[in-house]
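With the hints as your guide, set chain B onto chain A.
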Amino acid sequence: MAENKTVILKIKRQPNPNVRPHWEEFELPSRSGMNVISSLMEIAANPVTREGKATTPITYDSNCLEEVCGSCAMLINGRARMACSALVDKLEQPIRLEPFSKFPVVRDLAVDRSVLFENLKAVKAWVPIDGSYDLGSGPRMTMQEQEEAYPLSRCISCCCCMEACPQFNEDTGFVGAATISQVRLFNTHPTGAALKRERLVALMGDGGIQECGYAQNCVEVCPKDIPLTRSIAEVGGDVMKQAIGDLFRK
Amino acid sequence: MTTEYEIHDHDVLIIGAGGAGLRAALGALSQGAKVGVVCKSLLGKAHTVMAEGGIAAAMANVDPADDWRTHFRDTMRGGKLLNNWRMAQIHAHEAPDRVRELEQWGALFDRTPDGQILQRAFGGHTFRRLCHVGDRTGLEMIRTLQDRGVQLGIDVYMECTITRLLKDGDRVAGAFGYWREQGRFALFRAKSIVIATGGIGKAWKITSNSWEYTGDGMALAYDAGAELMDMEFVQFHPTGMVWPPGVQGILVTEAVRGEGGVLRNKLGKRFMEQYDPKKMELSTRDVVARAIYTEVREGRGTEHAGAYLDISQKPADYVKKKLPSMYHQFKELADVDITKGPMEVGPTCHYMMGGIRVDAETAKSSVRGLFAAGEAAAGLHGANRLGGNSLSDLLVFGHRAGLAAAEHAKAVRATPIDSAQVAEAAREILAPFERKAGESPYTIHRDLQETMQSLVGIFRDQADLIRALEDLEKLKDRAEHVSVEGSRLFNPAWHLTQDLRSMLTVSEAVTRSALARQESRGAHSRIDYPGLDAVWGTKNSVVVRKGDTMTLHQSPVPEMPSDLRQLVAEEK
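If you read the sequences in order, they're chains A and B. In this text, residue positions in the first sequence follow my numbering: the first is 1, and each later residue adds one. In this text, residue positions in the second sequence follow my numbering: the first is 251, and each later residue adds one.
The shape of chain A in the complex, shown without the other chains (with noise of 0.2 Å):
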């Protein structure tokens, strides 16, 4: 690799949520194994422009860059991905980073990502436990069960899923890959399995799980390989079923 080489990034930017973005262009020196977020830090800490106009650092998500806590999302050359695990040697130039576009922009590539814990919340994503009193063991559960639910809880609510789905949009008010797929995970768990009807009925009707049109981007851009469109197939089963048989009961 030659030693003078360089990385352009090229950043879209907005200061407030109520002015319109503009890009600005950054120039960075290359060293190996650098990353997109490695890059941020290294404009944070100088951050002119690539015309040598000084600026103000890019505002962005971030913590414990290792790929774990699901903060640094953001569009990466129009990809839906963590940027600590965006390695700028593999990313054509000049490498565009983006805010995610289906959600409301706090500043630059920060955005808010509420959303979800509401849709969560909307679920019952939890296992209804009353903790005020001396619980013992929980539910026994074996290997198997522990491994087949696993998967489902490495979600990282980094919200990549939902930014990359074509039908997540204001139209449909659709929940998104996440929330079903927790879904799935409380409705197999012993004891929130309670809570199992109400979940599903959360997930009928407008903005529910028939507004997946199965273009499975969700389980192409999930940075943890969650077997998404299996929980939303295994998921839209249980609410078929729930819906027929609500049917017979009236």
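Keep in mind that the hints were calculated from the coordinates and are not lab data. Be aware that a few hints might be false.
Unchecked claim - So the derived label-pair ranges between C-beta atoms look like this:
hint: 1; chain 1: B; residue 1: Gln-816; chain 2: A; residue 2: Gly-136; range: 28 to 34 Å
hint: 2; chain 1: A; residue 1: Gly-136; chain 2: B; residue 2: Lys-660; range: 24 to 30 Å
hint: 3; chain 1: B; residue 1: Gln-432; chain 2: A; residue 2: Glu-147; range: 43 to 49 Å
hint: 4; chain 1: B; residue 1: Ala-713; chain 2: A; residue 2: Ser-137; range: 52 to 58 Å
hint: 5; chain 1: B; residue 1: Ala-566; chain 2: A; residue 2: Glu-92; range: 27 to 33 Å
hint: 6; chain 1: A; residue 1: Gly-136; chain 2: B; residue 2: Thr-801; range: 46 to 52 Å
hint: 7; chain 1: A; residue 1: Ile-244; chain 2: B; residue 2: Asp-364; range: 36 to 42 Å
hint: 8; chain 1: A; residue 1: Ser-137; chain 2: B; residue 2: Gly-518; range: 53 to 59 Å
hint: 9; chain 1: B; residue 1: Lys-519; chain 2: A; residue 2: Ser-32; range: 23 to 29 Å
hint: 10; chain 1: A; residue 1: Ser-32; chain 2: B; residue 2: Pro-811; range: 56 to 62 Å
hint: 11; chain 1: B; residue 1: Gly-518; chain 2: A; residue 2: Glu-92; range: 35 to 41 Å
Even for Gly, the Cβ is constructed at its ideal location relative to N, Cα and C.
Showing chain B alone in chain A's frame:
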């Protein structure tokens, strides 16, 4: 600039949303308190998510002989008897209950063949004791606590930095800070405050800690008059990546050496021949650490002040099979292929045993209404922490702090906030904008990291520590003159000036405590005092503010009841 602020009222305010903070919030909620949680980053993303190993709890699922007594003894021995024995006892007693509760709440622990929580062996633990969820136990813990918090409806104030605790006489009355996003100010009025802000790794150049770890809670408590204890005990892992930047600080497991990894200096020499020719790279952790330190110190280190650790002489398939997560992590995060060439490693700052001095039963500090739990608190781990004891610490003492904070809130009335204190706190936050042409906080932070890394690192001596104190004085002075450009809207340089103040306070406490302790014990290694000292073994270092000066004194280690003393001394 406007100094207006919004006001939020709570019975209990928790600062920090990692394992300890969330568990404290759930504890306080269970008592009917109105609870608020403030955190610097996003909910569910706290540093706890990075914990891999597991939660130490004597459940005896795998080894039936395990019990709280053995866990207690292991913890005390690991801490070189400098621990608060009562905390270690409570911790060993209650960890299994806290794990079972987490299981009830839906945490997906790995399983034994008969469906119980699986436990694995870990350094320093007599029995297989670590309850784990693959290698991402911390993330599962946070996910579970967060789901429960979402269910119960905790008020979470995300991306908000607290810069001052406000007091009414001798008691805590609230906290003042700013929203990182908009830069607006916020005042939180509370009857009790729990500090759960974690550690201080970002004061060192090479650290496994995330950007949030700037010692904020310790500095806030210190400023409010609370005592800090055992600050000299900072845990370093001997082999962390020092280069490239994308993976800097990340731990390189000892298994690399176990599988045949070879250490070399910049001259290509396998230097362990000099230090332990028999065991070579498989020598004990402290010998290996000292060897790397000496090589770097004497000018034979790598370009980035480390040593080469090379396992590429082994067949690539073997390495991928034996060290799969290491291989993938480095490949993915920085395109480092450990099967093709050497890694550059050196000591990485990992964990802070010291912190806010608290009461064992209630987690209360020496300031009325102020509590602390988790890494921000001191006492449980003594001079060194066993792996797995930090996650259990978060659960056990987070829970207790939450309960005690709620209880305290019930017993006292809300107190008025002194507007002069608020105005002063606001003025202090804005000062960097008022100054023109001052230094950037980034250069000061970089120099602080250099000082702490090279002079207050894994091995210490008197001359280095004295120099470090001199450096810190200069850095404090420079930090007084920092200036920041631009507006208050999400301004990272401005955020760093606030963090820097915390880091400087805590770094000084670490350095003063390290200079005073003339012995080597646990994680505190003095080159000039290599052995344990019986007299120092009876003392904890305590740092407290007197006026504007940091003072240090020694306080006797609480004496164990005779039955526990016997238990710890037993040959097993």
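Tested hints:
One distance hint, 28 to 34 Å for the beta-carbon pair Gln-816 (chain B) and Gly-136 (chain A), holds here, with the actual separation near 31 Å. Look at Gly-136 (chain A) against Lys-660 (chain B): about 28 Å separates their beta carbons, and that is inside 24 to 30 Å. For Gln-432 (chain B) and Glu-147 (chain A), the hinted distance range of 43 to 49 Å is satisfied, since their beta carbons lie about 45 Å from each other. Take Ala-713 (chain B) and Ser-137 (chain A): their Cβ atoms lie about 55 Å apart, and the range 52 to 58 Å holds.
In this structure the supplied range 27 to 33 Å holds for Ala-566 (chain B) paired with Glu-92 (chain A), their Cβ-Cβ distance being about 28 Å. A hinted range of 46 to 52 Å for the beta carbons of Gly-136 (chain A) and Thr-801 (chain B) is consistent with their spacing of about 48 Å. At roughly 38 Å, the beta carbons of Ile-244 (chain A) and Asp-364 (chain B) sit within the given window of 36 to 42 Å. Distance hint for Ser-137 (chain A) and Gly-518 (chain B): a CB-CB separation of about 55 Å, consistent with the stated range 53 to 59 Å.
For Lys-519 (chain B) paired with Ser-32 (chain A), a C-beta distance near 25 Å keeps the hint of 23 to 29 Å intact. With their beta carbons about 58 Å apart, Ser-32 (chain A) and Pro-811 (chain B) fall inside the hinted range of 56 to 62 Å. A hinted range of 35 to 41 Å for the beta carbons of Gly-518 (chain B) and Glu-92 (chain A) is consistent with their spacing of about 37 Å.
When held up to the earlier numbered hints, the structure conflicts with none and fits them all.
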